[in-house]
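**Student:** Sequence:
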Amino acid sequence: MYADVHMFMEKLKQLMYSNDIPVINNPSILCETPQFQLLYEELGSMIQTLFNNEHQDLHNFEKVRKLKKRFKDAAEEAEDIVDIFLSAVHCKNNEYFPISDVFQTSLHLEFVMRSIELTKIEFITTSIDNMKMDSSQRPDTLQMQSAGTSRTRNSMGSKKLAEKVVVGFDRDAEIIRDKLVEYGKHLDVVSIVGMGGIGKTTLANKVFTDPFVVYHFYIRAWVTVSQTYDKRDLLIQVLSSINDPLELEKATDSQLHKMLHRSLFGQRYLIVIDDIWSIEAWDKLKLFFPDHNTGSRILLTSRLTEVSLHATSHGLIHHLKHLTEEQSWKLLCGKVFKGDECPKWLIDPGMEIAKKCHGLPLSVVVMAGVLAKEQRNKDMWLKISCSVHSYMANDQKGCLETIALSYNHLPLHLRECFLYLGGFSDSRIYSPRLLWLWMAEGFIQEDGIRSLEEIAKSYMLDLVDRNLLIVEKRYVTGDVSLCRVHDLVKQLCVEMGKEENFFLKIDSQQSNHLCDVIATRKQRRVFTNQDIDILSLSHATTPSIRSLLCYHRKTFLTDNISKFFRSFALLRVLILEKCELIDLSSGLALLVHLRYLDIWQSLFPSSICNLWNLQTLIVHTTYSSMVLPSNISNLVNLRHLISNTDIYLPSIVKPMKLEVISNVVFGDGVDNFEKCFPGIKNLTSTLYSDEENDFEVLRGLQILTLIGSAFSRPESTKPRFVRGEPNLGKNHIRFPATLKELHLVRCGLAWSDMSIIQSLPNLEVLILEDNAFKGMIWETGEEEFQQLKFLRLEELNIKHWEATSINFPCLKRLEVLNCVHLEDIPLELGDISMLEYIYVLNCGVSLLVSVQNIRQEQDDVGNYELKIFVDGRKLRSCESNHED
Numbered sequence: 005m006y007a008d009v010h011m012f013m014e015k016l017k018q019l020m021y022s023n024d025i026p027v028i029n030n031p032s033i034l035c036e037t038p039q040f041q042l043l044y045e046e047l048g049s050m051i052q053t054l055f056n057n058e059h060q061d062l063h064n065f066e067k068v069r070k071l072k073k074r075f076k077d078a079a080e081e082a083e084d085i086v087d088i089f090l091s092a093v094h095c096k097n098n099e100y101f102p103i104s105d106v107f108q109t110s111l112h113l114e115f116v117m118r119s120i121e122l123t124k125i126e127f128i129t130t131s132i133d134n135m136k137m138d139s140s141q142r143p144d145t146l147q148m149q150s151a152g153t154s155r156t157r158n159s160m161g162s163k164k165l166a167e168k169v170v171v172g173f174d175r176d177a178e179i180i181r182d183k184l185v186e187y188g189k190h191l192d193v194v195s196i197v198g199m200g201g202i203g204k205t206t207l208a209n210k211v212f213t214d215p216f217v218v219y220h221f222y223i224r225a226w227v228t229v230s231q232t233y234d235k236r237d238l239l240i241q242v243l244s245s246i247n248d249p250l251e252l253e254k255a256t257d258s259q260l261h262k263m264l265h266r267s268l269f270g271q272r273y274l275i276v277i278d279d280i281w282s283i284e285a286w287d288k289l290k291l292f293f294p295d296h297n298t299g300s301r302i303l304l305t306s307r308l309t310e311v312s313l314h315a316t317s318h319g320l321i322h323h324l325k326h327l328t329e330e331q332s333w334k335l336l337c338g339k340v341f342k343g344d345e346c347p348k349w350l351i352d353p354g355m356e357i358a359k360k361c362h363g364l365p366l367s368v369v370v371m372a373g374v375l376a377k378e379q380r381n382k383d384m385w386l387k388i389s390c391s392v393h394s395y396m397a398n399d400q401k402g403c404l405e406t407i408a409l410s411y412n413h414l415p416l417h418l419r420e421c422f423l424y425l426g427g428f429s430d431s432r433i434y435s436p437r438l439l440w441l442w443m444a445e446g447f448i449q450e451d452g453i454r455s456l457e458e459i460a461k462s463y464m465l466d467l468v469d470r471n472l473l474i475v476e477k478r479y480v481t482g483d484v485s486l487c488r489v490h491d492l493v494k495q496l497c498v499e500m501g502k503e504e505n506f507f508l509k510i511d512s513q514q515s516n517h518l519c520d521v522i523a524t525r526k527q528r529r530v531f532t533n534q535d536i537d538i539l540s541l542s543h544a545t546t547p548s549i550r551s552l553l554c555y556h557r558k559t560f561l562t563d564n565i566s567k568f569f570r571s572f573a574l575l576r577v578l579i580l581e582k583c584e585l586i587d588l589s590s591g592l593a594l595l596v597h598l599r600y601l602d603i604w605q606s607l608f609p610s611s612i613c614n615l616w617n618l619q620t621l622i623v624h625t626t627y628s629s630m631v632l633p634s635n636i637s638n639l640v641n642l643r644h645l646i647s648n649t650d651i652y653l654p655s656i657v658k659p660m661k662l663e664v665i666s667n668v669v670f671g672d673g674v675d676n677f678e679k680c681f682p683g684i685k686n687l688t689s690t691l692y693s694d695e696e697n698d699f700e701v702l703r704g705l706q707i708l709t710l711i712g713s714a715f716s717r718p719e720s721t722k723p724r725f726v727r728g729e730p731n732l733g734k735n736h737i738r739f740p741a742t743l744k745e746l747h748l749v750r751c752g753l754a755w756s757d758m759s760i761i762q763s764l765p766n767l768e769v770l771i772l773e774d775n776a777f778k779g780m781i782w783e784t785g786e787e788e789f790q791q792l793k794f795l796r797l798e799e800l801n802i803k804h805w806e807a808t809s810i811n812f813p814c815l816k817r818l819e820v821l822n823c824v825h826l827e828d829i830p831l832e833l834g835d836i837s838m839l840e841y842i843y844v845l846n847c848g849v850s851l852l853v854s855v856q857n858i859r860q861e862q863d864d865v866g867n868y869e870l871k872i873f874v875d876g877r878k879l880r881s882c883e884s885n886h887e888d
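Position one of the sequence shown corresponds to residue 5 (this note's numbering), numbered consecutively onward.
Calculated from the structure, these hints are not laboratory results.
A few of these clues could be false.
What the hints assert, rightly or not - Straight-line Cα separation of at most 25 Å, DSS-like style, residue types lysine-lysine; simulated pairs:
(1) Lys348 - Lys359
(2) Lys348 - Lys290
(3) Lys778 - Lys679
(4) Lys360 - Lys342
(5) Lys96 - Lys67
(6) Lys477 - Lys325
(7) Lys72 - Lys461
(8) Lys461 - Lys816
(9) Lys76 - Lys744
(10) Lys461 - Lys744
(11) Lys348 - Lys325
(12) Lys360 - Lys288
(13) Lys96 - Lys76
(14) Lys183 - Lys290
(15) Lys325 - Lys502
(16) Lys325 - Lys288
(17) Lys803 - Lys477
(18) Lys70 - Lys96
(19) Lys17 - Lys803
(20) Lys661 - Lys325
(21) Lys477 - Lys502
(22) Lys377 - Lys387
(23) Lys73 - Lys502
(24) Lys67 - Lys15
Claimed, not checked - Label pairs and their computed distance ranges (CB to CB):
(25) Ser267 - Ser485: 37 to 45 Å
(26) Ser317 - Asp344: 42 to 50 Å
(27) Leu386 - Leu465: 38 to 46 Å
(28) Ile781 - Asn822: 13 to 21 Å
(29) Leu845 - Gly188: 38 to 46 Å
(30) Gly452 - Thr808: 42 to 50 Å
(31) Glu476 - Pro633: 31 to 39 Å
(32) Lys658 - Val853: 55 to 63 Å
(33) Glu378 - Lys262: 51 to 59 Å
Backbone N, C-alpha and C define an ideal beta-carbon position, used for all residues, glycine too.
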């Protein structure tokens, strides 16, 4: 809730102390430092008051909630006033806009400061009144927290768990059953983890009622925890499954505890703890269940991986996967037709409906309920197939309500990150840019220990562990590369985003009344994938839009933005990646609050370098290269500089905070990497044959991509870049010890230089592509790659490769792609204990024979875990029983 306020306070701090920033070091701004200081202190005091009184919010809950909302609105208004003032000062001094009356260049904070002060006084008064109340008058804490959800839940016998149709869980149930009944005297815990609606309870019930499980355990009991924990309620649930429930309500908590202990003493029991949400709840629950070395088991279901990891220290954690399209279709048919065959004319639309459920059993069941009520004709089913998302969104008591429990359980710092996922049109999201957007929006707060990006990664993994975000693809190093949001989860984000006025998502032609919506609701974020006239947003009397993310190719935003910049002056995020712009030099120069800019631009306007808040700059162009202006180092907060083409970097006047640079071509003026980029972590660079290649001075560099090239400078004023024969092998090349990933393309190095790479102590990924090394023989020698986990050889002219398992002690994955001359992969590499995967593409006959020999030798020693693929097909093991 307070992420925006914290980011505003950081901005105030920068305005007070960052006199080295040209845009800030202005007399009109410096004279207002006392006001910035006063506002900073007042905001900090208010936040401290709110957090310190968090436990007193239960009385007059609605009143306190409204006071917090009022404070947040006042803080946002204060930020708008400060930012409009900064824009006015910048406009007044801007060479493109000599006008001074667009915004008032005076800072008027008196009214909003008074509003914050009154809110603080009213909040403190409310808290004091609450503390004075007699305990008999004050509402029960648990009842208020649960908001009516605390109740004695029905026992297993009355829960509607046993579905007549259960699809896709046979193998899952077998794995869990075998773990539950395996030999082992100590009490053990097995967990089923997955997103809401994926079938955790259904699977647990399938195992619970399995005949062998029923026979194996003398006592079985089921308890549902949910988000509200009540000790007495849970004790009664367990005892109701074992004893006569009639006398339980009269017993005290202590008596119930003793009754449970007597019932379980010396028995081999199975307790299912369904839907547990917190580590604290588990720590209290586990005290009820004795360990008498009888082979007893506890089966947990949870949406939170963190809870399962804590509870299941030695047992099995089973992550439940989504259904396949075939399984979804089978479940849909079973629910709709109750064992009968689906008519042929309904198969195609029915399969489309099942597909759009994206493997979530809850969605399939909901849609089956819809279909069961409608006529069984093709036109009706086709109509329904086009509106699957609408049906699921309207099923408030089913789909969205189930997923909403996960949102309600999110800590405050994750809620905005989660809701933001609903704005994207594509369910698949490139993870690094999502993290950069979170940072630009102010959702990530510094903790003084980790970098913003490290904190953002931890937030993302937290959402993954809560099964609200799905990892689609990972880098070899383990970081998330591509993530995905289930359609139902995204629908929840959209619904909650509307309810909380978090963003406006335009996914249809609805721009007629757009400006009215933005003006009346003071909309701060707009996502669109539609062809809308963005200038229609420029009629609002005051600016409110902070983020504008346009993913449509025909967005009407030209240099005319300079005439309407009042409505866009406060933008922090601007994405126009698919809209090729003619010239936005003057307009962009005024957007001094931008933190994230993604544009399609022919030239790189020097006016961009006035955007001192900019953290991420992504530039797309159809040109083969782009020259950056000489004042690029004025971007004092720039962390990420990305381009789809070579960018020529001029002399750097002062050090930059850049951490990620893509496709940069270093010119003659950049002779000191360490001085220019002391914080660089990820670098992609095109190098010349006559350049010194000493990267050792970049002591924080972790990822490096080097592309060999030649360079020619014609007599024209504009440099151009020409691919040529690489010649890096003539120069000495050095790398920093911090390097974790190295990608070499067309570098033409001699294989003897590989010893330099082998000596790198932290290198985990090595990709050699397109004659990265020249020569027909690679003799790995006796040195080892100490930490190398991934090795890819692609389009090399290598013929012989001499290596042993000793050279690659940690290798997990080996890829050999289009190395048409390579005769074999060393047989001993198959003996690497950690090797999991070999992939070969477009190989000769002799290379194919060598991988077959590796397969055979590993089969002979019983290593059936090693997977070998040739041209996309798995090389089968001789022991088919061990195949996946």
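**Student:** Could one say that the CB atoms of Leu845 and Gly188 fall in the range 38 to 46 Å?
**Tutor:** 44 Å, holds
**Student:** Starting from the range 55 to 63 Å, see whether the pair Lys658 and Val853 falls in it by beta-carbon distance.
**Tutor:** 59 Å, holds
**Student:** Taking only the CA atoms, is the gap from Lys325 to Lys288 under or equal to 25 Å?
**Tutor:** 29 Å, violated
**Student:** Take a look at whether the Cβ-Cβ distance between Leu386 and Leu465 falls inside 38 to 46 Å.
**Tutor:** Holds - the Cβ-Cβ distance for Leu386 and Leu465, about 41 Å, lies within 38 to 46 Å.
**Student:** Within a Cα-Cα threshold of 25 Å, do Lys477 and Lys325 meet the stated pairing?
**Tutor:** OK: Lys477 and Lys325 at ~15 Å, within 25 Å.
**Student:** Is it true that the CA of Lys17 sits at most 25 Å from the CA of Lys803?
**Tutor:** Judged against 25 Å, a Cα distance of about 61 Å means the pair is violated.
**Student:** Take the C-alpha atoms of Lys461 and Lys744, compute the straight-line distance between them, and say whether it is at most 25 Å.
**Tutor:** 18 Å, holds
**Student:** Does the structure keep Lys360 and Lys342 at a Cα separation of 25 Å or less?
**Tutor:** 21 Å, holds
**Student:** Within 25 Å, alpha carbon to alpha carbon, are Lys73 and Lys502?
**Tutor:** Within the cut-off at roughly 16 Å; holds.
**Student:** Hint check: Lys778 vs Lys679, CA-CA at most 25 Å. Holds or violated?
**Tutor:** 33 Å, violated
**Student:** Quick check on a hinted range of 37 to 45 Å for Ser267 and Ser485, using CB atoms only.
**Tutor:** 51 Å, violated
**Student:** Tell me if the straight-line CA distance from Lys348 to Lys325 falls inside 25 Å.
**Tutor:** 29 Å, violated
Of the numbered hints given earlier, the model fails hints 2, 3, 5, 7, 9, 11, 12, 13, 15, 16, 17, 18, 19, 20, 21, 24 and 25; all others are met.
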